[in-house]
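Novice: Next come the chains, spelled out residue by residue.
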Amino acid sequence: GEDVEQSLFLSVREGDSSVINCTYTDSSSTYLYWYKQEPGAGLQLLTYIFSNMDMKQDQRLTVLLNKKDKHLSLRIADTQTGDSAIYFCAEILYGNNRLAFGKGNQVVVIP
Amino acid sequence: EPEVTQTPSHQVTQMGQEVILRCVPISNHLYFYWYRQILGQKVEFLVSFYNNEISEKSEIFDDQFSVERPDGSNFTLKIRSTKLEDSAMYFCASSDKLLGPTNTGELFFGEGSRLTVL
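Quick mapping for you: the protein sequence lines, in order, are chains R and P. Residue numbering for the first sequence follows this note's numbering, starting at 1 and increasing by one per position. Residue numbering for the second sequence follows this note's numbering, starting at 1001 and increasing by one per position.
It is worth saying that the hints were derived from the structure and are not from the lab. In this text, all values refer to a predicted model and were calculated from it rather than measured experimentally. Any given hint could be a false lead.
One side only, chain P facing chain R, incomplete, derived with CB under 7 Å [to be verified]:
hint : residue
1    : V1047
2    : S1048
3    : F1061
4    : L1098
5    : E1111
Calculated Cβ distances over 10 Å to all of chain P for the following chain R residues [to be verified]:
hint : residue
6    : D26
7    : L43
8    : A77
9    : N97
10   : R98
11   : L99
12   : K103
Straight-line C-alpha distance at most 27 Å; calculated BS3-like pairs for lysine-lysine [stated by the list, open to error]:
hint : chain 1 : residue 1 : chain 2 : residue 2
13   : P       : K1057     : R       : K56
14   : R       : K103      : P       : K1057
15   : R       : K67       : R       : K103
Just so you know, even glycine gets a beta-carbon here, dropped at the ideal spot from N, CA and C.
Make a model of the complete structure from these sequences and hints.
Specialist: Listed below in structure tokens is the structure:
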């Protein structure tokens, strides 16, 4: 079944890189997503990766997927104060029309 | 930019009371969803809705819950008799297509409605 795990809190200095990790259990996951939630706002799609890819880069964001270990990570380069938020990874299984989310990672950027 | 809007942003209610959470999805979207997040826990799928009927629901979505699209713009979640454990942030979402690799739909979420049951 679907199970997505994330660690909970990360503090990083402005300008440094942040790495957020996520593990999932279902090998039939087809798309894996990263969502961002700023205070008082909804869940915003940041990026996604298809399960047949190892890496995807999108400006300051790099997503790495290790299918063997069922491990997904999001690297944010040159972290800015506006990156302070909760980051959720989520997966979708083939044939489903719903997302399974992790608990989220709170990232706090220190100026 | 089009967005999903939800009301109220916060509702406090007594146990046993009925609650209706309202959502206005993006206007040309066809698929509608409710998710919820109990404090400190995962965001969980509740229900999806298409063509005026429920297309999928989770085990959380029991007989106390119902959804409705009463007109062309609103999508509501009703909890008939609230319990303490219904306290959570409820997120509405919509998409123009089915999700996943062959359909490439993207979920757009609202800001959430925080429900507190006392």
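Novice: Far enough from chain P: is every CB of that chain over 10 Å from the CB of K103(R)?
Specialist: At roughly 5 Å from the nearest Cβ of chain P, K103(R) sits no farther out than 10 Å, so the non-interface label is violated.
Novice: Say whether it holds or is violated: D26(R) keeps its Cβ farther than 10 Å from all Cβ of chain P.
Specialist: Non-interface label on D26(R) holds, nearest chain P Cβ at 14 Å vs cutoff 10 Å.
Novice: Does the no-contact call for R98(R) survive, Cβ to all of chain P over 10 Å?
Specialist: For R98(R), whose nearest Cβ neighbour in chain P is about 4 Å away, the distance does not exceed 10 Å, so it is violated.
Novice: With chain R as the partner, please determine if E1111(P) meets the hint condition of a C-beta pair closer than 7 Å.
Specialist: At 4 Å from the nearest chain R Cβ, E1111(P) passes the 7 Å test, so the hint holds.
Novice: Given V1047(P) as an interface hint, is its Cβ closer than 7 Å to any Cβ of chain R?
Specialist: violated (9 Å)
Novice: Given the proposed pairing of K1057(P) with K56(R), does the C-alpha separation stay at or below 27 Å?
Specialist: Given that 27 Å is the threshold and the Cα spacing comes to 32 Å, the pair is violated.
Novice: Closer than 7 Å between Cβ atoms is the bar; does S1048(P) clear it against chain R? Give me holds or violated.
Specialist: holds (6 Å)
Novice: So is L99(R) really clear of chain P, every C-beta pair being over 10 Å apart?
Specialist: Violated, since 7 Å does not exceed 10 Å.
Novice: In terms of Cβ atoms, is chain P entirely out of 10 Å range of N97(R)?
Specialist: violated (5 Å)
Novice: Would you settle whether the hint for L1098(P) is holds or violated, based on the nearest Cβ-Cβ distance to chain R being less than 7 Å?
Specialist: Interface hint status for L1098(P): holds (5 Å vs cutoff 7 Å).
Novice: With d taken as the least Cβ-Cβ distance between L43(R) and chain P, does d exceed 10 Å?
Specialist: violated (4 Å)
Novice: Going by Cβ atoms, does A77(R) stay more than 10 Å from chain P at every point?
Specialist: holds (24 Å)
Checked against the numbered hints listed earlier, the structure breaks hints 1, 3, 7, 9, 10, 11, 12, 13; every other hint is satisfied.
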